[in-house]
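A.B. asks: What follows is each chain in one-letter form.
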Amino acid sequence: MSSEIPSDRLPSKLRIAVTGFGLVSAAGLGAEALWDAFKAQRSHLSELTQIETAGLAMARGGEVQRDILPGDPQDDRALRMALHAVEEALDRAQVGSKQKNSSLRVGLALGTALGSIETLEDIITEKKNSEAWDHATPYGMTQEVSRRLGLQGPNWTFSVTCVSGLYALEQALADLYFDRSDAVVVGGLDTLSQFMQSGFCSLRALSPTGDLRPFDSEHDGIVLGEGAACVVVEPLDKALKRNAPIFGILEGNCLRSDASHLTSPDATGKGMAEAIEGALAHSQLKESDIGCISPTATGSPIYDKMQSRAVIQALKESGSTIPVTTWEPVTGHALASTGILGLVHAALVLKEKEVLPAFGLGDLAEGCDLNYILNEGQAFNGEAVLALTVGFGGQNGVSVLREFREGLHP
Amino acid sequence: MIQPSRVVKSPSAYWVSSASVGSWRSGELKGEVQQHQGRDFETEPEILAEYFPKRWNARRELASGLSTLIRSTSIALEQAGWWKPGQENLVEGGLVVGTDFHSLSVSTGYAQELASEGAQGLSPSGFLFALPSSAAAVLGILLGLKSFQSTLTEGEDSGFKALRHAIDMISIRRVERLVVSCFSVVDIKNQSALSSLNRAEKNPQRFEGLSLELATSICLSQQPMMGDSSIKIVADSPSETDPSETNFEVEIPEGLRSLAAPSLLRVVQAFENNIDYSEAGFKFIR
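Line order of the protein sequences matches chains A and B.
The numbering of the first sequence is our numbering, which starts it at 1 and goes up by one.
The numbering of the second sequence is our numbering, which starts it at 1001 and goes up by one.
If you're looking for bench data, these hints aren't it; they were derived computationally from the structure.
Virtual Cβ for every residue (Gly too), placed ideally from N, Cα, C.
Among the hints, a few may not be true.
As the list claims (entries may be wrong) - To spell it out: a stretch of chain A is covered by chain B in this simulated footprint if at least three of its residues, at any positions, have a beta carbon under 8 Å from a beta carbon of chain B; those stretches are:
#: 1; stretch: 29-40
#: 2; stretch: 137-143
#: 3; stretch: 219-227
#: 4; stretch: 244-258
Unchecked claim - Capping the alpha-carbon separation at 27 Å, the derived lysine-lysine pairs in DSS-like fashion look like this:
#: 5; chain 1: A; residue 1: 270; chain 2: B; residue 2: 1084
#: 6; chain 1: A; residue 1: 128; chain 2: A; residue 2: 238
#: 7; chain 1: B; residue 1: 1189; chain 2: A; residue 2: 128
#: 8; chain 1: B; residue 1: 1054; chain 2: A; residue 2: 270
#: 9; chain 1: A; residue 1: 241; chain 2: A; residue 2: 316
#: 10; chain 1: A; residue 1: 353; chain 2: A; residue 2: 241
#: 11; chain 1: A; residue 1: 286; chain 2: A; residue 2: 351
#: 12; chain 1: B; residue 1: 1084; chain 2: A; residue 2: 127
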């Protein structure tokens, strides 16, 4: 099969539907668990109990409790999270998890910062033997998920810090354009391990208080979470043909790098502003069509302010009026699942037609002057959700999910 | 180091043009290393500041293994005419990095330090460079490649997959031009991990006694570039044939030929030498 693009399949002419989503987070199994916790304004951050915390400068986070995670306890936790999120997304998309019995060609594109790093730790400390290497690498995990679920389309593994899932999404779109797959499960995942927590401690990036307060005057750093988030994407015409549920139309996805620092963003917000403008240009939507902005809410002052600046730069006056909400204090900053989690959240906003109040936000920090929704939620009033994702290395990603309306999308 | 310096153009808008290649070898291939001015970025980080003015703090050391990648990428960019040493302007374009085992070396070292010394006093750079994307982040900073900065971590498949991904991103018009850089590191630091990995794959001795530090880079563009020859590179579906078995003029130990950087190097040698490489899923249209 050649990579030449058929003339009727140029990117601008292929509409991509999100037909499924799945999630494992500190809030529990399933996307609804996150929505319910967010709606109840219930945080799942706590003292870490599942990793060795001796010597850690900060030991709070959002853990996925071992006892709720399905699958073989001998399997790596990252693998079990991935399997659950992928299966949930496939079930919701009515694709079914056992593709061997299906005529659909389903691909898998995963993004992860460190993959099954717990297994590496266990091999080093001789808690596991070398056979565990089978799934210890990021690509080994992707291949294993494909194998177990019988996904026969192409599989890919990206590692671009917290925007990993959005790079995986770009490749998934190419696989759909070139008709290599009928649908692709796109995901992001990372686990909270001693390796990860100690690494962020060494970078002095974590909140010393252990409170995740994004955009708040008391924001003082990141509180990590873990989990896996997945969406199923497929061409709209194919989704309609098989009567698949449609949770939104992916109208834009744009990635830009600041190329300025290994851990900090360009504080001016220029890179993120370009990503917002690029995603909106792909979508051909107007600023006034955006009914909700969902930024990455790490609680890191520089990232909080940068995103606020970027929104104003890119969206001008509209930037200060569009409702902004943040769900991350529910689960913690879930690393490479963040980008796809933003899309899952966007799908939930469109499904529930509600923008829930930003969590953990009291007095706004100086320089964070967007229309953050405080105290009470409000009805979603618009056509699309703009999800902003930031990552180490000055990575910026923006995706636009638009409400699906019969007859509106050619 | 190979220097094909082939500058090609593409007759149609979205076809990919191949521009140039740079590679840098060390380890067992040390006899063939050509060190620019006899100096090394890793041991003399101030050279980085000369090569990439205003982009690097001369006091900041470079993580082990990245010198090879930086050399290779900068040679390719220079040959493509997109960059020259000492240039202050940022390079317009994107970056795709394919990495196999470099981050495994770093993360194994970090995990060993964590296990033996505990969580206090760990080196931040030990953690940062355990992230496979940090190599691309360094290249991005040095060269200012902002449009797109992707990292694939696909083990031995990273070379071919990085090239496919790059071709796809240009073809769907996500980026007009980019440099694909693949690097492979097999050394004493990751030998143990690689042996374990290969034990799990029932081939534990495969890398024993071998070492390699190789990066290969290729510039791709959507638009025609200067020059009078033209090559289009097309990613097809790969066949079942193992392309590492193909006998090319690659002076790399047989057991290492399918790693990321050697794979990309073999694609490049195939089009340089008019060799059909469709078995690996790439066609060249001249």
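A.B. asks: Each hint needs a verdict: does it hold in this structure or not?
C.D. replies: Quick rundown of the hints versus the structure:
1. Counting residues of the stretch 29-40 of chain A whose beta carbon lies closer than 8 Å to any beta carbon of chain B gives 0, which falls below the threshold of three, so the coverage claim is violated.
2. Check result for the stretch 137-143 of chain A against chain B: holds, 4 residues qualifying (beta carbon to beta carbon below 8 Å, three or more required).
3. Given as covered by chain B, the stretch 219-227 of chain A fails the check, having 0 residues with a CB less than 8 Å from a CB of that chain where 3 are the minimum.
4. Here's how the stretch 244-258 of chain A fares: 4 of its residues keep a CB closer than 8 Å to some CB of chain B, so the rule of at least three is met and the hint holds.
5. Simply put, residue 270 (chain A) and residue 1084 (chain B) have alpha-carbon atoms about 26 Å apart, close enough for the 27 Å limit, and the pair holds.
6. Between residue 128 (chain A) and residue 238 (chain A), the direct Cα distance comes to roughly 44 Å. Violation of the 27 Å bound is thereby established for this hinted pair.
7. For a cut-off of 27 Å, the pair hint linking residue 1189 (chain B) to residue 128 (chain A) stands: about 20 Å separates their Cα positions.
8. Note on residue 1054 (chain B) and residue 270 (chain A): the hinted pairing holds, with a Cα-Cα distance of about 19 Å set against a maximum of 27 Å.
9. Restraint check for residue 241 (chain A) and residue 316 (chain A): the C-alpha separation of about 40 Å exceeds 27 Å, so the hint is violated.
10. Simply put, residue 353 (chain A) and residue 241 (chain A) have alpha-carbon atoms about 26 Å apart, close enough for the 27 Å limit, and the pair holds.
11. Of the pairs offered as hints, the one joining residue 286 (chain A) and residue 351 (chain A) holds, with about 21 Å between alpha carbons and a cut-off of 27 Å not exceeded.
12. For the proposed pair residue 1084 (chain B) and residue 127 (chain A), the alpha carbon gap of about 50 Å is over 27 Å, so the pair is violated.
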